[in-house]
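S.K.: Residue numbers (the numbering used here), protein chains in the order written: chain A, 1 to 350; chain B, 1 to 350; chain C, 1 to 350; chain D, 1 to 350.
FYI, nobody ran anything at the bench for these hints, they're computed from the structure. Since this is a predicted model, take the numbers as computed values, not measurements. Ideal Cβ placement from N, Cα and C applies to all residues, glycine included. A hint or two may mislead.
[As the list claims (entries may be wrong)] Beta-carbon label-pair distances, calculated as ranges:
id	chain 1	residue 1	chain 2	residue 2	range
1	B	147	D	39	51 to 61 Å
2	A	63	D	225	54 to 64 Å
3	B	170	A	269	35 to 45 Å
4	D	209	C	170	25 to 35 Å
5	D	27	B	81	27 to 37 Å
6	B	48	D	225	30 to 40 Å
7	B	272	D	39	27 to 37 Å
8	C	84	D	225	53 to 63 Å
9	D	335	A	43	50 to 60 Å
Protein chains: 4
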Amino acid sequence: MSGKKMNVAIVGSSGYTGGELMRILLNHPKVTVSAITSEKSAGKPITTIFPHLAGLTSLVCEPLDPDVISKKSDFVFLALPHVAAQETAFKFHKLGKKVVDLSADYRLSDPAVYATWYEHLHQHPELLKEAVYGLPELHREKIKKAALIANPGCYPTSAILGLAPLMQKGEVDLGSIIIDSTSGVSGAGRSPSLAHHYPEVNEGFMAYKVGTHRHTPEIEQELSALAGKRIILSFTPHLAPMNRGILTTIYAKQVSASDTAHLYSLYREYYKDAPFVRLLPIGRFPNVRNVRGSNFCDIGVYADQRTGRAIVVTAIDNLVKGASGQAVQNMNLMTGFDEAEGLRLAGLFP
Amino acid sequence: MSGKKMNVAIVGSSGYTGGELMRILLNHPKVTVSAITSEKSAGKPITTIFPHLAGLTSLVCEPLDPDVISKKSDFVFLALPHVAAQETAFKFHKLGKKVVDLSADYRLSDPAVYATWYEHLHQHPELLKEAVYGLPELHREKIKKAALIANPGCYPTSAILGLAPLMQKGEVDLGSIIIDSTSGVSGAGRSPSLAHHYPEVNEGFMAYKVGTHRHTPEIEQELSALAGKRIILSFTPHLAPMNRGILTTIYAKQVSASDTAHLYSLYREYYKDAPFVRLLPIGRFPNVRNVRGSNFCDIGVYADQRTGRAIVVTAIDNLVKGASGQAVQNMNLMTGFDEAEGLRLAGLFP
Amino acid sequence: MSGKKMNVAIVGSSGYTGGELMRILLNHPKVTVSAITSEKSAGKPITTIFPHLAGLTSLVCEPLDPDVISKKSDFVFLALPHVAAQETAFKFHKLGKKVVDLSADYRLSDPAVYATWYEHLHQHPELLKEAVYGLPELHREKIKKAALIANPGCYPTSAILGLAPLMQKGEVDLGSIIIDSTSGVSGAGRSPSLAHHYPEVNEGFMAYKVGTHRHTPEIEQELSALAGKRIILSFTPHLAPMNRGILTTIYAKQVSASDTAHLYSLYREYYKDAPFVRLLPIGRFPNVRNVRGSNFCDIGVYADQRTGRAIVVTAIDNLVKGASGQAVQNMNLMTGFDEAEGLRLAGLFP
Amino acid sequence: MSGKKMNVAIVGSSGYTGGELMRILLNHPKVTVSAITSEKSAGKPITTIFPHLAGLTSLVCEPLDPDVISKKSDFVFLALPHVAAQETAFKFHKLGKKVVDLSADYRLSDPAVYATWYEHLHQHPELLKEAVYGLPELHREKIKKAALIANPGCYPTSAILGLAPLMQKGEVDLGSIIIDSTSGVSGAGRSPSLAHHYPEVNEGFMAYKVGTHRHTPEIEQELSALAGKRIILSFTPHLAPMNRGILTTIYAKQVSASDTAHLYSLYREYYKDAPFVRLLPIGRFPNVRNVRGSNFCDIGVYADQRTGRAIVVTAIDNLVKGASGQAVQNMNLMTGFDEAEGLRLAGLFP
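Okay, chain A solo, but in the shape it has when bound (with noise of 0.2 Å):
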């Protein structure tokens, strides 16, 4: 059977994207990690980088080489940070390779969005009107079709995901809408800074970032799209001390009233075909606690008559439906292998 297993290559394995990628490919039927880069720690098992693999890989990380890495593996993703992803996902995709960006380098399809927002010129702009933006719950289709998937950032899955069938629907007033995000700090990645330092962060609880956060446009570039309006809102996130999740309050005007039954049908309705996105019974609201580790989003919708407001919450692991889990579904629906495959793992509870 391993014959018949298709190779991926992890591009930047050493983050905590790379490693949950490790976990959730290692556990996958249908693909064999192939190849592994990393430039500082090229030459060493990725098990020293992350111990709680050890006694399941003997995977070594080598130094990113296009060639090399294409020769090895039929499928790529790329966990790099932004700019260094534009470049690397522009040559494997010249060498024909199939490639999940987790970067943000091209989910912005308007250049000019992506200078103003990442200060920096976009290298690649015929690439990125290839690029398919991988959220399978709005893009299915396309992303079956697509060579190069810009896998959404952890903020906005939360966040469009929230706010996609109030959009196609018009039931809300589209100048109204405010976002509240708190994630856990491996959203800020691996790299160790004072802000993230465990007596910096732990016991403390805050916002950043207000009214300037990169993930904004990318927000905003979808509900447009699917409100067929330029939309304009309020996001701010803010850090809790816990390791992984982000949980999303999102307030919207309702155009006219309606009880919690109706849009608790219109979610069901939109999400009906979504193996991954979990509605919540009416008056029960998501816990980041229960999707940790796993590939679900959860959902609790609230329509408050005090105030006409439709009030939705939504629970993911920022690391797996934020990140890693989302790139395995897209590839999953890439390679024609069903859309869970690998990724029906229950979370991790207490």
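Starting from the structure of chain A, add chains B, C and D where the hints point.
M.R.: Positioned in the frame of chain A, the structure of chains B, C and D alone reads:
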């Protein structure tokens, strides 16, 4: 000097706010804690309930008998659950004692609103009329003359201090206010429950009582009074895995465009005489870690030009400025002490 | 393929070990969970008790009726409190079912020792004689033939695996053994109590049941058997603010001086066929974070030349190798499956 | 009264012990912090480094110039890394200032031992002879007369206080001592590193520097002096996911059998004049949560009849009694203030 100290009683001393009153008052140069009550721990030294106080006090809990307590004390703090506090406040008031009630019982001036949200008929509507809402930054002069203070809720303290300057000046659309708060777990009290069992909370994050939390009418009451108009707003509490702290992120549509410098001036002016409000420099936002154990409320402001919204972030320690510290601040005002007496303590970081 | 799967029942499914059995067994390729019981949640879907399992199972809890459960199941896991498990194990055994009992009821081969430490007379001493202590690394062959397995305690698993190689070879002074362990809070179970209320545990660390913990005789029994002599040792458990994990640090006086390389060889040889023991390279020591969610036991060894002591550190996930994972490992052995079937999952880091 | 206050300087104010010195000294009735230094933050207000101190001080960091600092200050605290502190202590000493050095540089009376464990030749062996090890419970009288205090390490404080009564009376086998300690993360300082990056520490627990930690010779020196014999012991530090606190569990073989009441009397007598040692009632053991933010050392004792071992558990706040609080306690003694002046603060619980 001890002879001149004021004797104060803590009624309901076994909960977290009771313990925190002890911590603060044992260090207060002008008072002596003369009596503490706890029904279930009557006869036990307080240090068996709060071992962190060992070596600092030899007080023993006694059952609650207002006549007995009144003989020993000039001033009474009530740290009882709502409903229970109602009658007790009445008794001490009748006995001529000044009272700070930390429960919700005397916070809502309209007994009908109390009945709606607390599902209990108010037993002392006449006393309710005399009670003063104990937020010194808004009601300092009234507090000085009050005999009964309704000590504000933790969430309302963080929300009202964040919005007051905007209210008074008609700066924002009153129908657009959204308050998104996150609290540490001590806000839920000291009674064990599955919801606050360690492994259920740790590495979790959730919204709760969406659209229905009892602190909502309290916030609306105070903001409506400031604005001179009835305000209905959205308030969503969240629970974070930490012991203490409330961070509140507030959104309101500005009536006319202005920049952050304008908001900053507005807040600086409004709080120029408030010893416990710290307005952060433009570009910085609060973190609950910086107010842990202290009576400060930190505030950061931002005028979001993209959306036309004012975004305000506040941080308090829910047990200090959100409860026991504020109660002592009220006592200081009621008795003619310096407002900050015994409260100039730095927070504990890290 | 479903037709060939073995039907297994989980008796007592609402606690953490019950939930963890569900997580593991739902992913096990050779079994189907056919029945789950919970007295207090009878009639409720398991996903109301464990929302993290939503979307993966539609099982409903039923009351415990051994006859009913036996008709649906070929194999039974008991995740009940001690004493309660005693009779239930007996009934399923009589009904001809293979049983893994996760409680302490059948771990101590001497009923007098059980009576001393558990303050309860053993009701089925004859069945006790048949029970096998389910630590596969020590008793693999016996387990394969057993009908009733006493699944080891979490602390004993970490301690015995850390000491076994030293015992068998007479390497250390048997009177000198000290075992110092630290556990996450899930080890205390899912019933709320003040001691495990979030704010009481978080930012706390303590020793408990000093010199009196019930896992002591279990450790002594197994080590005595290995050494061929009666061993009395010190075992001190500690509670750390984390959900999962046990780290055990062991001290024993070496009979004759040797270096770390010697200890390393000894352990490598002893565990050469153990799929779930990972001996760390010399100079590295375990961290519970690396075994979280997995069935591994990580071991690091050190020969301290200054003091003449062997120091051994082990790490397990108390709910996996310390409970439910080991239970499944035992089931695999008892039923002829591969020992690691369904258990080759990587841990969740971070 | 301000005119009579003593001026003190904090050299190296940007680390956690520097911040903690500020917190304590700002509240100390008899001193004024007159100067603070930080090379990398010279010219910046301390509140930009420690926002929790905002509103309480307007001190600005300056570069370290002993002549300048000496003109402003009567007393100097050194919160510098070891080696760096060595020369600085020497300079201030020469300038006639009393100094408390929080580093390890003057703790080991034998320069050869210092050279072995710190891999650095001591530059001021003559000053080393004058330095007094600043553990007031052992050396109160010497401290009163000292000009240079070597403030004890955090682990040694917890270990020595736990063992001192046993040493002096020849109660235990000196070759049998095992010290097992667990610390919060602030003990590792404020410099970011992968090892103390939030997601690496949270939900983790590990032993580190097994058999090789530099605090070992410090503990051995003090205990040897008490016992009158050279002691070699085992000390193992662990890292727990919490900000503050050290819990130390100590094992030692009793020379002759005795019960817990005997140990209790021994400790009560030994610490009868120590204002910051709290001996817990028989049957209770310390928890670091009860000393958080305070200068107390809590101690619980147990005579284990089964094994013939004395087991002692101690708890301190590593930043207070383990560093800055103890430094202030030493200052109080050196300057004739009451030993507990400014240190009678309750800890922060929860």
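S.K.: Run every hint past the structure and note whether it holds.
M.R.: So, going through the hints one by one against the coordinates:
1. B:147 to D:39: 51 to 61 Å: holds, 56 Å
2. A:63 to D:225: 54 to 64 Å: Cβ of residue 63 of chain A to Cβ of residue 225 of chain D: about 56 Å, so the range 54 to 64 Å holds.
3. B:170 to A:269: 35 to 45 Å: holds, 43 Å
4. D:209 to C:170: 25 to 35 Å: holds, 29 Å
5. D:27 to B:81: 27 to 37 Å: With Cβ atoms ~33 Å apart, the hint holds.
6. B:48 to D:225: 30 to 40 Å: holds, 37 Å
7. B:272 to D:39: 27 to 37 Å: holds, 36 Å
8. C:84 to D:225: 53 to 63 Å: Given a distance of about 55 Å, which is inside 53 to 63 Å, the answer is holds.
9. D:335 to A:43: 50 to 60 Å: holds, 58 Å
When held up to the earlier numbered hints, the structure conflicts with none and fits them all.
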